[in-house]
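Participant: One line per chain: the protein sequences are A and B, in this order.
Counting in my numbering, the final residue of the first sequence is number 104, and the numbers go up one at a time with none missing.
Counting in my numbering, the final residue of the second sequence is number 629, and the numbers go up one at a time with none missing.
None of these hints come from the bench; they were simulated from the model.
Treat the hints loosely; a few may be bogus.
[What the hints assert, rightly or not] Lysine to any residue pairs mimicking SDA-like chemistry, simulated, CA-CA at most 20 Å apart:
(1) B:294 - B:327
(2) B:294 - B:269
(3) B:553 - A:37
(4) B:499 - B:521
(5) B:553 - A:16
(6) B:553 - A:7
(7) B:553 - A:13
[As the list claims (entries may be wrong)] Where chain A lies over chain B, by a calculated footprint (3+ residues, C-beta under 8 Å):
(8) 165 to 175
(9) 245 to 252
(10) 395 to 406
[To be verified] Derived CB-CB ranges, DEER-like:
(11) A:7 - B:579: 36 to 42 Å
(12) B:244 - A:72: 27 to 33 Å
(13) B:199 - A:7: 52 to 58 Å
(14) B:572 - A:13: 42 to 48 Å
(15) B:585 - A:77: 43 to 49 Å
(16) B:576 - A:7: 44 to 50 Å
(17) A:77 - B:601: 29 to 35 Å
(18) A:10 - B:435: 37 to 43 Å
(19) A:66 - B:593: 22 to 28 Å
(20) B:554 - A:54: 34 to 40 Å
(21) B:583 - A:78: 36 to 42 Å
Just so we're clear, the structure is a prediction, and the values are computed from it rather than from any experiment.
Ideal placement from N, C-alpha and C gives every residue a C-beta, glycine not left out.
As a plain string of letters, each chain reads:
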Amino acid sequence: MTDQLGESFRQARRELRFQLTTWALFALWVVGFCGVNAFDAETSDVETILGMPSWVVLGIAVPWFVAFLVTVYFSGWFMQDTDLVDDSESPESSHAPAEEPPGQ
Amino acid sequence: MTTIVLASAASDAAIVSFTIYLGIVFLLAWFANRAQQGKSFVGEYFLGSRNIGLWGFALTYAATAASGGSFMGFPALIYTHGWVLAWWIAGYCVAPLVSLGLLAKRINQVSRLAGAITVPELMRKRFGSSAVGTVATVLVILFMFAFLMAQFQAGANIMAVLLEDVGPYQQVVQGIESTIDGWWWIGESDGDYILCLVFFAVAVVIYTSYGGYLAVVWTDVMQGVVMVIGVIIMLCLALYQVGGLSNATESLAKMTPPESGLAVLQPRGNAALSESLPRGTWLRTADGGLARLKETASTNNESFEALFLTEDEGAEATVAKEINESFVAVEVPDSREVAAYGHGRPGVYVSAPGPHQKNPQGFLSVTLALSFFVIWNFSGAGQPSYMVRQMSFRDTRILRRSIMMVAVFFGLIYFPLVVIFTSARVLLPGMEAYPPDRIMPSMAAHLTTSAGVPWLAGLLFAAPFAAVMSSVDSFLLLVSSGVVRDIYQQNINPNASDKTLKRLSYTTTIVVGVLAVLAMLNPPRFLQTLIIFASTGLGAVFLAPVAFGLFWKRMTAEGAIAGMFTGALAILALYLVGYWVAGEFAPYNLLGLDPFIWGTFASAAAVVGVSLIASPPDAALVERYFGRE
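So here's chain A without its partners, still in its complex pose:
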């Protein structure tokens, strides 16, 4: 039981690293690209792609789509299923009164 829990904890930690790295990369892309290009677009002859200002497409719409693909990869392949302990197996079920845990 505790060995299984230890392995699932290590897997959760790997997933945490993936999530934080992904967040940082997209923050860099979105904030970096828009920070450089969105302020230069203040003109009545705005450059558009698919009807949107080009900085919106390249700095937000494209990263949003790529982020969706990364999310699909993460939840479909990278994230592993874990056997969650059922309430009934836990010494302190949610059905029980709120008593003190071990180690108190």
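Use these hints to put chain B onto chain A, whose structure you have.
Facilitator: Frame of chain A, contents of chain B only:
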């Protein structure tokens, strides 16, 4: 005339849709109550016995995240500041991965191991300390009650906007206003606000207290579906009516912010002002431009607040049939107020930082954009209302598929809203003549009436209702679970029977709702700031202590308490500095960064620093929640 017909048709549709919508909500609450019978009360009532499936988990999470702000405040911001709001909201592109995925698996696992059904209970058992649980309970209730009050007011405001053109409703409102005139506390409030607040509160308290968590989840599913369908319909209608997105963006690029000022009415020829001109009436100015009344103009020669359009080319064609040609709006000299950023600058609506009425730096700086990229992801992950949801999914397959589903949901809601309401400035110019919250229902009414399907407005009107209700019910349940589970059952009567807990839960939910209504009968001026304060406060208080508690074995109870207090104090300090600097309740963005970021960093530093100083945690406790290396 067009406006009156439009408002009437839309109002009828709003009433019909709202009635049907409420009927379904109460039906779901009844079914939920039936489904709970024969099961252990507390676990079922507050957490649905941890048996929530894909649709329930994904949509209850997404619907709670998309609160009233997403459907009222956010559209108003897009209309006011333009395409830069796409950057402001862009953090949602990774929110399903981070906000939902970051802690969900571990929270669910640890809460099952601990048998915990609330966040304070989870923390108390994870650290083996009653003090941790008590501090967490007090902070959850304090911040969440502030959040709850603000959402009640948002719900009342939405109802008031949607019903304002309904005749019988106005008669009741006038009756209320004449009754409460001079009363202590509520005498200065508007009658429509009080009526809507009480009605909204009664509805949401009844179905939440009767149906519990299961009713909240089921109604959230329905509300989530309503939101998505509503936005998709609006997107199609908006793009069709604006003549395509390219046309909308090109028109928007030519626009500059309208200006406010005072005007007097001058009759053309023999025209006489026999009756008042309502707010929103379009008029020509003396030099042939366009102005719109921001208040009702009556028969005397007083000046009236008006909005002056600065780029009339597109608006002329759009509102040509609505212009009252009998009068001219003559501007009062030196009365005009221009935008602090964006005045006379074409392209300001299609670029950063976006126009701003008061801030000469514009709407969105790079540091503020970074702040929001952090907030949308990590503040969400730190909200106790989301954490409770993460305790309730059945298995990790549900979690994995839910992350994908929420990604689709956010993609279908947020980016399309930007497209819809940048088009709104082209289709409905001069909406600054009304309160900002008016844009969503006005756009829904305009799109459906122009398309010849006014009844469809009902569905679109239900979306913001759904958004606010799905947030309010969750917060209501969270506060009452704090009182029942973490205070009463933990400290007063650990062996309370199911019957006692059931009675107490119903009573607490109702009492919390009544207290929130009483507090909001005289609403504070700084509502929006209160919402941001409460949500970022909760995030700063709980994110680091819970996240470290789930992933760091060395963390101690002392570190958890220090982290929660430091996060709360940091947020409070930055708001106090903001009050001192701005002279009103406002955040102080140190180095341009939101207080949430400073609060979370301070909290994390306190968690790590104090835990390392304190004695290592009990080995048995660590093994219980982390297993063996």
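Participant: It remains to establish, for every hint, whether it holds in the given structure.
Facilitator: Verification of the hints:
At most 20 Å may separate the alpha-carbon atoms for a hinted pair to count; residue 294 of chain B and residue 327 of chain B meet this at roughly 16 Å. A hinted pair counts as satisfied when its Cα atoms are at most 20 Å apart, and residue 294 of chain B with residue 269 of chain B does not qualify at roughly 24 Å. For the hint pairing residue 553 of chain B with residue 37 of chain A, the CA-to-CA distance comes to about 44 Å; that exceeds 20 Å, so the pair is violated. A threshold of 20 Å between alpha carbons decides the hint, and for residue 499 of chain B with residue 521 of chain B the separation of about 33 Å lies outside it, so the pair is violated.
For the hint pairing residue 553 of chain B with residue 16 of chain A, the CA-to-CA distance comes to about 15 Å; that is within 20 Å, so the pair holds. For the suggested pair residue 553 of chain B and residue 7 of chain A, the alpha carbons sit about 14 Å apart, so the restraint of at most 20 Å is met. Of the supplied pair hints, the one linking residue 553 of chain B and residue 13 of chain A holds, its CA atoms being roughly 12 Å apart against a limit of 20 Å. With 0 residues having a Cβ less than 8 Å from any Cβ of chain A, the segment 165 to 175 of chain B misses the three-residue criterion, and the hint is violated.
Counting residues of the segment 245 to 252 of chain B whose CB falls under 8 Å from any CB of chain A gives 6; the rule of at least 3 is met. By the rule of at least three residues with a Cβ nearer than 8 Å to a Cβ of chain A, the coverage given for the segment 395 to 406 of chain B holds, with 8 such residues. For residue 7 of chain A and residue 579 of chain B, the Cβ-Cβ distance of about 50 Å falls outside the hinted range of 36 to 42 Å, so the restraint is violated. With their beta carbons about 30 Å apart, residue 244 of chain B and residue 72 of chain A fall inside the hinted range of 27 to 33 Å.
At about 53 Å, the CB distance of residue 199 of chain B to residue 7 of chain A agrees with the hint of 52 to 58 Å. One distance hint, 42 to 48 Å for the beta-carbon pair residue 572 of chain B and residue 13 of chain A, is violated here, with the actual separation near 33 Å. Our hint of 43 to 49 Å for residue 585 of chain B and residue 77 of chain A holds, since their Cβ atoms are close to 47 Å apart. For residue 576 of chain B paired with residue 7 of chain A, a C-beta distance near 47 Å keeps the hint of 44 to 50 Å intact.
As the Cβ distance of residue 77 of chain A to residue 601 of chain B is approximately 33 Å, the hint placing it in 29 to 35 Å holds. Between residue 10 of chain A and residue 435 of chain B the beta carbons are some 53 Å apart, a value that contradicts the proposed interval 37 to 43 Å. For the pair residue 66 of chain A and residue 593 of chain B, the beta carbons lie near 26 Å from each other, so the given range of 22 to 28 Å is met. Range check, residue 554 of chain B to residue 54 of chain A: about 49 Å between beta-carbon atoms, so the 34 to 40 Å window is missed.
Separated by about 50 Å at the C-beta atoms, residue 583 of chain B and residue 78 of chain A break the suggested range of 36 to 42 Å.
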